[in-house]
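Just need the whole structure built from these sequences, with the hints factored in.
Single-letter residue listing:
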Amino acid sequence: MPTVTVTAAGESTTVDYTPAAGPLWGAAFQTTADCTPVENPAGRPVGVHRTYWVPGQEVAALAQSRADVAAGRVPWVSYKLPVTWAQAKTGAADTWARSITAGLATLPGPVMLTWHHEPEGDQSPLSDFVAMHDRLYQFSRPFPNIRCGPILTGYNQIFGTDPAQKPAAMWPGEFTSGDFFGMDAYMYWGTAKGGAYYSIGPKYWTPIAAFAKFKGVPWAIGEWGISKDAAVRNRSENGGVTTQITDAYDTAVRLGGCLALSYFDCGLNSTRNASDGTPAWPLDPTTLTAFVDVLNASPPAPKSW
Amino acid sequence: MTISAKLDLTAAPPTLTVTSDKRKVSVEVSAVGEKTTATGMFPVTVTDSLGKVWKSVSDDGTTATFS
Chain A
1 MPTVTVTAAG ESTTVDYTPA AGPLWGAAFQ TTADCTPVEN PAGRPVGVHR TYWVPGQEVA
61 ALAQSRADVA AGRVPWVSYK LPVTWAQAKT GAADTWARSI TAGLATLPGP VMLTWHHEPE
121 GDQSPLSDFV AMHDRLYQFS RPFPNIRCGP ILTGYNQIFG TDPAQKPAAM WPGEFTSGDF
181 FGMDAYMYWG TAKGGAYYSI GPKYWTPIAA FAKFKGVPWA IGEWGISKDA AVRNRSENGG
241 VTTQITDAYD TAVRLGGCLA LSYFDCGLNS TRNASDGTPA WPLDPTTLTA FVDVLNASPP
301 APKSW
Chain B
1 MTISAKLDLT AAPPTLTVTS DKRKVSVEVS AVGEKTTATG MFPVTVTDSL GKVWKSVSDD
61 GTTATFS
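First to last, the sequence lines map onto chains A and B. First residue of the first sequence? That's 1 in my numbering, and the numbers climb one at a time after it. First residue of the second sequence? That's 1 in my numbering, and the numbers climb one at a time after it.
The hints are simulated quantities; they were obtained by calculation from the structure and are not laboratory data. Every residue gets a Cβ at the ideal spot worked out from N, C-alpha and C, and that includes glycine. One thing to keep in mind: the hints can contain errors.
Claimed, not checked - Residues from chain B that keep clear of chain A, each with C-beta distances beyond 10 Å, as calculated: (1) Val27; (2) Ala31; (3) Gly33; (4) Thr36; (5) Ala38; (6) Thr39; (7) Lys55; (8) Asp60.
Said to hold, decoys possible - Taking lysine to any residue pairs in the SDA-like style, the calculated list, with each CA pair at most 25 Å apart, reads: (9) B/Lys6 x A/Ala210; (10) B/Lys55 x A/Gly10; (11) B/Lys52 x A/Val15; (12) A/Lys213 x B/Gly51; (13) A/Lys303 x B/Lys6; (14) B/Lys52 x A/Pro207; (15) B/Lys24 x B/Thr45; (16) B/Lys6 x A/Asp247; (17) A/Lys215 x B/Asp8; (18) B/Lys52 x A/Thr13; (19) B/Lys6 x A/Glu11; (20) B/Lys52 x A/Ala210; (21) B/Lys22 x A/Ser12; (22) A/Lys213 x A/Asp247; (23) B/Lys55 x A/Asp16; (24) A/Lys203 x B/Asp48; (25) A/Lys213 x B/Asp8; (26) B/Lys55 x A/Val15; (27) A/Lys213 x B/Lys6; (28) B/Lys22 x A/Thr13; (29) B/Lys24 x A/Thr14; (30) A/Lys215 x B/Ser58; (31) A/Lys80 x A/Ala105; (32) B/Lys52 x A/Thr246; (33) B/Lys52 x B/Thr15; (34) B/Lys22 x A/Glu11.
Said to hold, decoys possible - What follows is a set of in silico ranges between Cβ atoms, one per label pair, in the way DEER data are often shown: (35) A/Gly43 x B/Thr39: 53 to 59 Å; (36) A/Ala105 x B/Asp21: 45 to 51 Å; (37) B/Asp59 x A/Gly160: 38 to 44 Å; (38) B/Thr39 x A/Arg233: 53 to 59 Å; (39) B/Glu28 x A/Glu11: 21 to 27 Å; (40) A/Thr3 x B/Ser26: 31 to 37 Å.
Here is the structure:
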């Protein structure tokens, strides 16, 4: 556990980076939402469990969220909308969104909610997305167990060149509401897409934390991943230890203000490893061990926000 | 009172609060019939195992806050 030691007038004391104050640690797990591959070796539930839903799955989504809370997890529910952003921003999704938030409000524990994750490129203009989010956010505000926030793609904001998707254009400034600010983060080195090799935590978390601080809200990572090949390289350079995993958590702790880190342990829509063409992001057995170690150092799901 | 430290990671940025009542020192000196009092304050040093640099935000001599 990281520590801080202070000394003055010949006396000193040391405090831990208290686990109870660190970010929730969890993931999205394949398409079955089965958390047991991580939870069984850890002997405890993940702090956060991200799931994805579309209109028509409201009953199943609420049931999964209720099961997550009962199991000691914070569900992080992502919903695509039944109408366009342009329609939603003027009220076409109000009844539907009110129903979603009213259902989540009945859960006996905290829940995170995101409307239309990774919006860039799905519709246009992005200002409609912002307006939609600002409107639908109002429906979760009355319920203290719900924290609602956007999840931007991350890569577009950190590495992209489109000025409309830069943080200066989308964030800070555009959003007027939200309980947290989320982004996704992937390092493509070792995948068919290719890219630079770096430590994903410091590379992504630092600017994201800065954006969130500017807005005055916690930040969270909705998805993140390193390729299997990157994990192998990482271990070969660090004595067999997957430091990418531990650095991700420790960096979030050091930066502060992080609500949750959710890994994308899922082959769905996954880019491929360059070496063998398999899905890049799922945790391989060795990386899973590091992931479980961090889980055991992270806080449990809170009983309330 | 011995030195104490409290770390709040829920704040953005995180804050470190250090409290000690032994930092303030006062020495009375006299020479050729004149007296004066010199005052000072022991500094707080912070060592972070993650390498984070904690910057002083406020310090009244008893309670020092860093972020």
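For each hint, the structure was consulted:
1. The Cβ of B/Val27 sits about 14 Å from the closest Cβ of chain A, beyond the 10 Å cut-off, so the non-interface label holds.
2. With a closest Cβ-Cβ approach of about 27 Å to chain A, B/Ala31 is found to remain outside the 10 Å limit, as its non-interface label requires.
3. Consistency note on B/Gly33: stated as away from chain A, and its beta-carbon is indeed over 10 Å from all of that chain's, at 32 Å minimum.
4. The Cβ of B/Thr36 sits about 23 Å from the closest Cβ of chain A, beyond the 10 Å cut-off, so the non-interface label holds.
5. Against the 10 Å criterion, B/Ala38 stays outside the reach of chain A, whose nearest CB is about 16 Å from its own CB.
6. No beta-carbon of chain A is positioned within 10 Å of the beta-carbon of B/Thr39; the least distance is around 14 Å.
7. No Cβ of chain A approaches the Cβ of B/Lys55 within 10 Å, the least distance being about 13 Å, so the stated non-interface status holds.
8. Every Cβ of chain A is farther than 10 Å from the Cβ of B/Asp60; the closest lies at roughly 13 Å, confirming the non-interface assignment.
9. For the given pair, B/Lys6 sits about 23 Å from A/Ala210 by alpha-carbon distance, which is consistent with the 25 Å threshold.
10. A C-alpha spacing of about 21 Å is found between B/Lys55 and A/Gly10, which places the hinted pair at or below 25 Å, so the restraint holds.
11. Note on B/Lys52 and A/Val15: the hinted pairing holds, with a Cα-Cα distance of about 14 Å set against a maximum of 25 Å.
12. Restraint check for A/Lys213 and B/Gly51: satisfied, since their Cα atoms lie roughly 20 Å apart, inside the 25 Å limit.
13. Taken as a hint, the A/Lys303 and B/Lys6 pair is honoured in the structure, with Cα atoms around 23 Å apart against an allowance of 25 Å.
14. Note on B/Lys52 and A/Pro207: the hinted pairing holds, with a Cα-Cα distance of about 16 Å set against a maximum of 25 Å.
15. Simply put, B/Lys24 and B/Thr45 have alpha-carbon atoms about 15 Å apart, close enough for the 25 Å limit, and the pair holds.
16. Under the criterion of a C-alpha separation no larger than 25 Å, the hint pairing B/Lys6 with A/Asp247 is consistent with the structure, at around 23 Å.
17. For the hint linking A/Lys215 to B/Asp8, the alpha-carbon distance of about 19 Å falls within 25 Å, and the restraint holds.
18. A distance of roughly 17 Å separates the Cα atoms of B/Lys52 and A/Thr13; the hinted pair therefore holds under the 25 Å criterion.
19. As the CA atoms of B/Lys6 and A/Glu11 are separated by approximately 15 Å, the hinted pair is consistent with the 25 Å bound.
20. Taking the CA atoms of B/Lys52 and A/Ala210, the gap is near 15 Å; set against the 25 Å cutoff, the hint holds.
21. Proximity of B/Lys22 to A/Ser12 is assessed by CA-CA distance (about 12 Å); at most 25 Å being required, the pair is judged to hold.
22. A C-alpha spacing of about 21 Å is found between A/Lys213 and A/Asp247, which places the hinted pair at or below 25 Å, so the restraint holds.
23. For the proposed pair B/Lys55 and A/Asp16, the alpha carbon gap of about 18 Å is at most 25 Å, so the pair holds.
24. For the proposed pair A/Lys203 and B/Asp48, the alpha carbon gap of about 20 Å is at most 25 Å, so the pair holds.
25. Proximity of A/Lys213 to B/Asp8 is assessed by CA-CA distance (about 15 Å); at most 25 Å being required, the pair is judged to hold.
26. Proximity of B/Lys55 to A/Val15 is assessed by CA-CA distance (about 17 Å); at most 25 Å being required, the pair is judged to hold.
27. For the hint pairing A/Lys213 with B/Lys6, the CA-to-CA distance comes to about 21 Å; that is within 25 Å, so the pair holds.
28. Distance check on the hinted pair: B/Lys22 and A/Thr13 sit about 14 Å apart at the alpha-carbon level, within 25 Å; holds.
29. Taking the CA atoms of B/Lys24 and A/Thr14, the gap is about 21 Å. The hint holds against a cut of 25 Å.
30. Restraint check for A/Lys215 and B/Ser58: the C-alpha separation of about 23 Å stays at or below 25 Å, so the hint holds.
31. Proximity of A/Lys80 to A/Ala105 is assessed by CA-CA distance (about 19 Å); at most 25 Å being required, the pair is judged to hold.
32. Distance hint between B/Lys52 and A/Thr246 is fulfilled; the C-alpha atoms sit about 16 Å from each other, no more than 25 Å.
33. Restraint check: the Cα-Cα separation between B/Lys52 and B/Thr15 comes to about 12 Å, which is no more than 25 Å; the hinted pair holds.
34. Distance check on the hinted pair: B/Lys22 and A/Glu11 sit about 9 Å apart at the alpha-carbon level, within 25 Å; holds.
35. Separated by about 56 Å at the C-beta atoms, A/Gly43 and B/Thr39 satisfy the suggested range of 53 to 59 Å.
36. The given range of 45 to 51 Å is respected by A/Ala105 and B/Asp21, whose C-beta atoms sit roughly 48 Å from each other.
37. Range check, B/Asp59 to A/Gly160: Cβ separation about 42 Å, and the 38 to 44 Å hint holds.
38. For the pair B/Thr39 and A/Arg233, the supplied restraint of 53 to 59 Å holds, since their beta-carbon distance comes to about 57 Å.
39. Taking 21 to 27 Å as the suggested C-beta distance range, the pair B/Glu28 and A/Glu11 conforms, at roughly 24 Å.
40. Between A/Thr3 and B/Ser26 the C-beta distance comes to about 33 Å, which sits within the given range of 31 to 37 Å.
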